[in-house]
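**Student:** Chain by chain, the residues run as shown.
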Amino acid sequence: MSDAAAPSASRLWDLANPTRFLNLAARLIPILAVATIAAFAAGLYMGLRAPEDYQQGSTVLIMFIHVPAAWLAMMCYSLMAVSALGTLVWRHPLADVSVRAAAPLGAAFTFLALVTGSLWGKPMWGTWWVWDARLTSVLVLLIIYLGIIALARAIEEPSTAARSVAVVTLVGFINIPIIKFSVDWWNTLHQPASVSRLAPPAMDAVFLYPLLVMSAAYTLFFFTCHLMAMRNEILRRRVRTMRIQAAAGGSAADVR
Amino acid sequence: MRALLTRELRLALRTGGGAFYGVLFFLAVVSITPFAVGPDLKLLSTIGPAILWISILLANLLGLDRLFQADSEDGSLDLLLLGPHPATAVVLVKCIAHWLTTGLPLVIATPVFGLLMNMQAPAIAAVMATALVGSPAITFIGAVGAAVTVSLPRGGLLLAIVVLPLVIPVLIFAVSATHGAVADPAPFTAPFLLLCALSLFFAVLGPLIAAWTLRHSTG
Chain A
1 MSDAAAPSAS
11 RLWDLANPTR
21 FLNLAARLIP
31 ILAVATIAAF
41 AAGLYMGLRA
51 PEDYQQGSTV
61 LIMFIHVPAA
71 WLAMMCYSLM
81 AVSALGTLVW
91 RHPLADVSVR
101 AAAPLGAAFT
111 FLALVTGSLW
121 GKPMWGTWWV
131 WDARLTSVLV
141 LLIIYLGIIA
151 LARAIEEPST
161 AARSVAVVTL
171 VGFINIPIIK
181 FSVDWWNTLH
191 QPASVSRLAP
201 PAMDAVFLYP
211 LLVMSAAYTL
221 FFFTCHLMAM
231 RNEILRRRVR
241 TMRIQAAAGG
251 SAADVR
Chain B
257 MRALLTRELR
267 LALRTGGGAF
277 YGVLFFLAVV
287 SITPFAVGPD
297 LKLLSTIGPA
307 ILWISILLAN
317 LLGLDRLFQA
327 DSEDGSLDLL
337 LLGPHPATAV
347 VLVKCIAHWL
357 TTGLPLVIAT
367 PVFGLLMNMQ
377 APAIAAVMAT
387 ALVGSPAITF
397 IGAVGAAVTV
407 SLPRGGLLLA
417 IVVLPLVIPV
427 LIFAVSATHG
437 AVADPAPFTA
447 PFLLLCALSL
457 FFAVLGPLIA
467 AWTLRHSTG
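If you read the sequences in order, they're chains A and B. Note that the numbering used here has the first sequence beginning at 1, numbered continuously upward. Note that the numbering used here has the second sequence beginning at 257, numbered continuously upward.
There could be a bad hint or two in this list.
[Unchecked claim] Estimated spans, in silico, between C-beta atoms of each pair:
1) B:Pro367 / A:Leu235: 54 to 64 Å
2) B:Ala442 / A:Ala42: 44 to 54 Å
3) B:Gly339 / A:Ile31: 18 to 28 Å
[To be verified] So the derived list for chain A, only partly shown, Cβ under 8 Å to chain B, looks like this:
4) Ile143
5) Ile144
6) Ile179
7) Ser182
Hints were generated in silico from the structure; no laboratory data involved. For each residue, glycine too, the CB sits at the ideal point set by N, CA and C.
Extracted from the complex, chain B is given alone in its bound form (with noise of 0.2 Å):
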C-alpha cells in the first residue's frame, strides 16, 4: 500500500508538474475575478472567501477525470484490482495521494491568494482551515465520478455535471463557517464539525462505491 502511494506521487509529481496545474488554475480563477467585479477592494474582500472556495472546488474537480482514466488506459488498475490487497483500499489510496498532489498545495496557496483578495488574517486561516477538512471530500465525491466516467473518451466535462451538485454541501458548509469566523454572531464551530463530517462520511462510502464501480465495470 505504502509503495502505491509512491508510486502515485512520483507519477503526479513528476509528469510533467502535473501537480502544479491546479494551482495554476486556482490563480487564474482567482486574479480574473476582479476583471469582472471591479477592483474595489472592499467588496473583493467580501466575496473573497466565496471566491477562494468556488476556485478550490473548481480546481479539484479539474485533475479528478484522470484519477482512474491513466491506469486504466494502460491496463496497471487491472493490475491493482486483481492484487492482494481489496480494491478499497486502493481507491482510497488513489484518492489520498490525488488530495496530497492537489488538494494540499491548493490549501497552502491559499494564504497568498487570500492576500490578493485582500482579505484580513482571521478570514485567511478560515479559508484554510475549511479547505483543509473540506477538500478530501470533494475528492471523496469525485472518486465516484471518476469511477463511473473512466472508460469514456470526454469523462472530464461529464464528470463535473454529474459531481458538482452533489458537493454543493461541501461548499456551503465551507463558506458559512468562514463567514462565522469574520462575523461575530454567526457560529464557525458548528458549520466546521459538520464540513469534517462530511469529509469523514465521504471517505467511507466515496472509495467504496468507486471501487465496486471499478470492479464491475472493468471486469
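Bound conformation, chain A alone (with noise of 0.2 Å):
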C-alpha cells in the first residue's frame, strides 16, 4: 500500500519547493487559460442555441451563468477546508498559499451566484431577494469567506496566519452543515410555501449539456485564476523575503 501511496506522496511534495511549482505552474497555465476560453466558448454559444424555456422565456439562461458559479462557490469553499487541513497536518508550504489564493475566487463566485440569482429572482418571483434557506445559506458563506480574507489581511506574520487562517477555514467547515440545517428549520417555520418556489423540472439534455459545459469551463477558470494567484502569493512573499533582507543588509551597512 505505501508502495502505491509513495510516488503520490512524494510528488506532491516536490511541489513544496516554491520554484518546482512556479515551473509548474508555468506549464499549466496557458493551457488551461486555453482550455478554459474554449469549454467558454462552446459552452456560451450551446447556452445562446438552447431554446426558450415555455415558462420562463429567455430568463432560463441566466441559469448557464448562476448554477456553475454556485457549484464552484461550494468547491471552492472544500478545497479550501482541504487545503487547511494540509496546513495544520502536513504543514505543507504551499497550502496555505492556496487557501489564501482561493478564498478571494470563492468569495467573488459566491458573489456573482448571489447577484445572478437575484436578477434571476426579480422576473421569477417578483422579488429581487426571498429569505429562502438556500439563499440565506449563501449568504452566510459569502459573510464566511469575507470574514476569512479580513483575518488574513489583518495577521502581519504569514506562519501565524496560516495556522489561523486555516483553523478559521475548518471551523467553518464543520460548521457549515448546521448552519445549513438550522437555516432550513429557521425557513418552514418563518414563511411555510408562502413564495412558490422554482420546482426544478426534470432537466431536459437540450438545457443539461451547455449546463454541463459551463461549468466545466467555469471550473476551469477557477483552476487557471488559482494557480496564477499561487504563482502572485509566492512571488510576492518573495518580494518580502528579499525587503526584508535588504532593509537588514541597509541597516547593517549603516551601523557600520
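Starting from two chains that each stand alone, build the complex the way the hints lay out.
**Tutor:** So, in C-alpha cells, the structure goes:
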C-alpha cells in the first residue's frame, strides 16, 4: 500500500519547493487558459442556442451563469478546507498559499451566484431577494469567505496567519452543515411556502449539456485563476523576504 | 484548576466592574430598540424575544476579545500553557469563568429587560431558559475566534466578523424555541434540545481548537 501511495505523496512534496511549483504553474497556466476560453466559447454558444423555456422565456439562460457559480462557490470552500487540513496536518508550505489564493475567488463566485440569482429572481419570483433557506445559506457563506479574507489580511506574520486562517476555515467547514440545517429549520418555521419555489423540472438535455459545459468552463477558469493567484502569492512572499533582507543589510551597513 | 477559576473570576469582578459592561450594553441595545421601531407595545412584545436574543449575542461577543488577550500581553498565558495542566482544560476553565461573569449576568438580567419589552411571563421564561443553555455555545465558539485573533492589536471587530456567521444556528434555535413556547402549534422541546446539543458540541470542540491554536501561535 505504501508503494502505491509513495510516488504520489512524494510528487506532492516535490511541489513544496516553490520553484518547482512555479515551473509547473508556468507550464499549466497557458494550457488551462486556452481550455477555459474554448470551454466558455462552446458553453456560451450552446447556451445561447438553447431554446427558450416555455415558462421562463429567455431568463432560463441566466441558469448557465448562475448554477455553475453556485457550484464553484461550494467546491472552492471544500478545496480551502482540504488545503487548511494540509496546512495544519502536513505543514505543506503551499497549502496556505492555496487557501489564501482561493478565498477571494470563492467570495467572487459566491457573490456572482447571489447577484445572478437576484437578477433571475426578479422576473421569476417578482422580488430581488427572498429569505429562502438556500439564498440565506449562500449569503452566510459569503460572509464566512469575507471574514476569512479579512483575517488573512489582518495578521502580518505569515506562519501565524496560515494557522489562524486554516483553523477558521476548518471550523467554518464543520459548521456549514449545521448552519444549513438550522437555516432550513428557520425557514420552514417562518414562512411555510409563501413563496412559490421554483420546482426544477427534470431537466431536458437541451439545457443539461450547456449547463455541464459551462460548469466545466467555470471549473477550468477557477483552476487557472487559482494557479495564477498562487503564483502571485509566492512571488509576493519572495519580494517580502528580499525586502527584509535588503533592509537588514542596509541597516547593518549603516551601523558600520 | 479551581485556583485558576477563582483567579479568573476575581480578575473579572475586580477590574473596574468589567462583568457589568455586558449587562450595561444589553440595557443600551434593548432601550434604543423602541426608538427605532416605535413605542407600540404590541409590536414590542412580538419582536421582544428576537431583540433580547440579538442583544445577548452581541453583549457576549463584546467581551470575548479580552478572553486571552490580557493574559497574552502580560505573559501569564504562556505560563498557563506551559504549566502542569493540559491546555484544553485551561481554555475550558477560562471559558467557564468568562461565561459566569458575562453570560450569566445577562441571563439574570433578562426578566427585567423582558418587562421593558412588554413580554409575557412564558416568553420571558423561554428567553431565560434558551439564554441559559445557548449562551455557552457563543462563548465556546468565540473562544476559537479569540484564540485566532489573540495577537492582533484590534482583534475585537475582526472577531465579531469571523464568529457571527458561525453562531447563526444558536440564534435560530433559541428564537424558534422561544417562539414555540409562546405560540401553541410550534414545538418548544425540539429546538431547545438542539440548542443544548449545540452548546455541548462546542463545549468539546471549541476549547480543543482554541487550545491548539494558542499553543501553536504563541509557541
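**Student:** Evaluate each hint against the coordinates.
**Tutor:** We went through each hint and held it up to the structure:
1. B:Pro367 / A:Leu235: 54 to 64 Å: holds, 60 Å
2. B:Ala442 / A:Ala42: 44 to 54 Å: Holds: the Cβ-Cβ distance is about 51 Å, inside 44 to 54 Å.
3. B:Gly339 / A:Ile31: 18 to 28 Å: Given about 55 Å between the Cβ atoms, the range is violated.
4. Ile143: This hint holds: Ile143 (chain A) lies near chain B, its Cβ roughly 5 Å from the closest one there, short of 8 Å.
5. Ile144: Hint on Ile144 (chain A): holds, closest Cβ of chain B at ~5 Å, below 8 Å.
6. Ile179: holds, 6 Å
7. Ser182: Status holds, d = 4 Å.
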